[in-house]
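Protein chains: 2
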Amino acid sequence: MRVLILGIDGYLGWALTLRLIRRGHEVAGIDNFYTRKAVSEVGSDSALPILPMSERLRVIEEVFGAKVEFVEGDVTNYELLKKVIERFRPDVVVHFAEQRSAPYSMIDVEHARYTMINNLTSTLNLIYAIKELGRDIHILKMGTLGEYGYPAFRIPEDAFVDAVINGARDRIVVPRWAGSWYHWSKVFDSYILLYANKLWGLTITDFHQGPVYGSRTRDLISDELFTRFDIDDVWGTVINRFLAQAIIKHPLTIYGSGHQKKGFTSLEDTVTALTALIENPPSPGEFRVVHHYREIKTLNEMAELVRRASIKVLGYDPGVTHIPNPRVEPEDEVMYEPERRVLPKLGIYGLSRIMEDEVEVMLRDLARYRDRIDKLRGVIMPRVRWRG
Amino acid sequence: MRVLILGIDGYLGWALTLRLIRRGHEVAGIDNFYTRKAVSEVGSDSALPILPMSERLRVIEEVFGAKVEFVEGDVTNYELLKKVIERFRPDVVVHFAEQRSAPYSMIDVEHARYTMINNLTSTLNLIYAIKELGRDIHILKMGTLGEYGYPAFRIPEDAFVDAVINGARDRIVVPRWAGSWYHWSKVFDSYILLYANKLWGLTITDFHQGPVYGSRTRDLISDELFTRFDIDDVWGTVINRFLAQAIIKHPLTIYGSGHQKKGFTSLEDTVTALTALIENPPSPGEFRVVHHYREIKTLNEMAELVRRASIKVLGYDPGVTHIPNPRVEPEDEVMYEPERRVLPKLGIYGLSRIMEDEVEVMLRDLARYRDRIDKLRGVIMPRVRWRG
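Taken in order, these protein sequences are the chains called A and B.
Mapping of the first sequence onto this note's numbering: residues 3 to 390, in sequence order.
Mapping of the second sequence onto this note's numbering: residues 3 to 390, in sequence order.
Isolated chain A (complex conformation):
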């Protein structure tokens, strides 16, 4: 298949590219390198060294004998996006070209606006380009399970759900409640995609995951193929920050009570799921919602897991401490079990990597780059506060 990846230089974009190439797909990509710039804006860098795109493309050719078409540019530029789609004629466009950090979106008004405008503009441009150039092109969009908040009901894997309100039964859009401007931009994206589906019959997969962890997939067979790995307070997920703290012998800092639950997935399983969704598109005109998470854990459980792995792999106990939560989020134990039916139907179920093992792999990878991480010591503790 012909796959166009918006945001090909990112953590998922790059890892997915390697998998698709190895499976014989033709891949093209666009990136404006915004994540590289914005990570450096907050004084940070990828903990694992990543090559510039020109080098990445060379290594891919050397290692896998495959060419990836790359265009440096911004998908908020409609003409550019349209031109690339027109030329490459993809079967599917995978949309990762969004500002993906919740803390980044909460820094101040400029960052809130950038997140909202960049994410909504890229999505609007994409649906209009597809409407113009070929309504049969499948859009696979990265969302987040964070769109739903923490409702009391089981979250359906569908755009709509039956509800009884004020005594009347109705079919409503699945309710959402986001916890940052970043998450709200994703909620708005979902509505924009759903409306485009109803209006123009576009074929869409709205894919929702929780945090993704991992420094490896089975395609990442050399350090030169590394995908980025962020560990700072703004761009790093909770598990990556814990790992970095373990490396520099800093107690693992849990935001608040640590009872917050999240549904985690390894990079390997994420790439496998994305590939399955690409190779098994929805029916023409279908709006397919897909949930994907492998292990539901509280932050306390995560910290304990990293602490134990540190003792085993690094030979010491970094300790664990609780700090005031810079975010505004529920800290009590909440039900959290979104429906998952689509991926099992495609034969994707079970864990191929379990977190216990993967945490050790990551610690070993990171330990080799202890110097890089030591230099980032100052950017791991939270600097952005939700209440301003």
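Derived by calculation from the structure, the hints in this document are not laboratory data.
Don't take each hint at face value.
No distinction is drawn between identical chains; accordingly, a pair holds when it is met within one copy or between any pair of copies.
Claimed, not checked - Computed list of lysine to any residue pairs in SDA-like fashion (alpha-carbon distance at most 25 Å, straight line):
no.	residue 1	residue 2
1	Lys84	Asn120
2	Lys84	Tyr116
3	Lys39	Asn79
4	Lys69	Asn282
Given the coordinates of chain A, work out where chain B should sit on it, guided by the hints.
Below, chain B without anything else, positioned relative to chain A:
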């Protein structure tokens, strides 16, 4: 009170200014004159002649002996907005500074993007400026009843509502389903305001109305005080288009079956309600949802009403015809009765103007400007199609 009006040059902004001044409030306003430019972009103009802002301010001073502080500028410019709020120190900011036309938002990708970015940026800037400068300043935001779509349940006048979903009871955000990019931008605005309220305790009134009609309020005591009156396919509401067609002896063109229901309110009643909400702000930190509509009518009923008024006032029957609906909207009779409790509690209930009378007033005003309307003959029939 000190009232800052964002979008003071618009249909509601201007009419509200006159009322507030007459009630002794101090008024300042910002406008970028975008509506004037965008109306001319689609080949149209206000059917009733309106003065440039400098003249408007002069007339206000002559007629009412009051000064209005005016700043020409764009509230998507954060520094400008902040500076004006800092200097004027309003008790309340009334936010009309949004692209307000559904067809305009559906023209193409540029207009979709402009609508989304302008409306969300202005709202984000406003909440951040208020958070910075004084969280006690009341934000009164113009929304639309169109945010809700046409649900089967009675629409609660609240941000949240109890619902049973998948067998579980939960309190969810009132579900919404919008019918254009413009309407979606308003939905997103509502969520942004609600999140700002929860996060920072901002004091907000989210005010939802249906279409507003009328060429007069009791403050519009001379033609020099006219507020704009749009009749074209993009900027004119259905009632205004019918009136213009009656004036030029064109059959009134109903989109589709004409069973679509809308909740209308006169300009006079709108200005009265807005003034009551300004003079009676919510409690500090409260998020107050307010619904306002006076008469629920189908398009067919509206057309019949204009037809009868035309016979009486103009002496002829323009006739009525149905044309294919350029919009995508339900055309069957739907339940449509959003809750209204806040305004009655403030002593605002009952109609001060009824549509039958007001339609005649409008026809008389418009008949004096038949030549202007005749020149706009070419821009009344729909040119924008939702399906593209």
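Hint check:
{"no.": "1", "hint": "Lys84 - Asn120", "verdict": "both (17 Å within a copy, 23 Å between copies)"}
{"no.": "2", "hint": "Lys84 - Tyr116", "verdict": "both (22 Å within a copy, 18 Å between copies)"}
{"no.": "3", "hint": "Lys39 - Asn79", "verdict": "both (18 Å within a copy, 24 Å between copies)"}
{"no.": "4", "hint": "Lys69 - Asn282", "verdict": "within (24 Å within a copy, 66 Å between copies)"}
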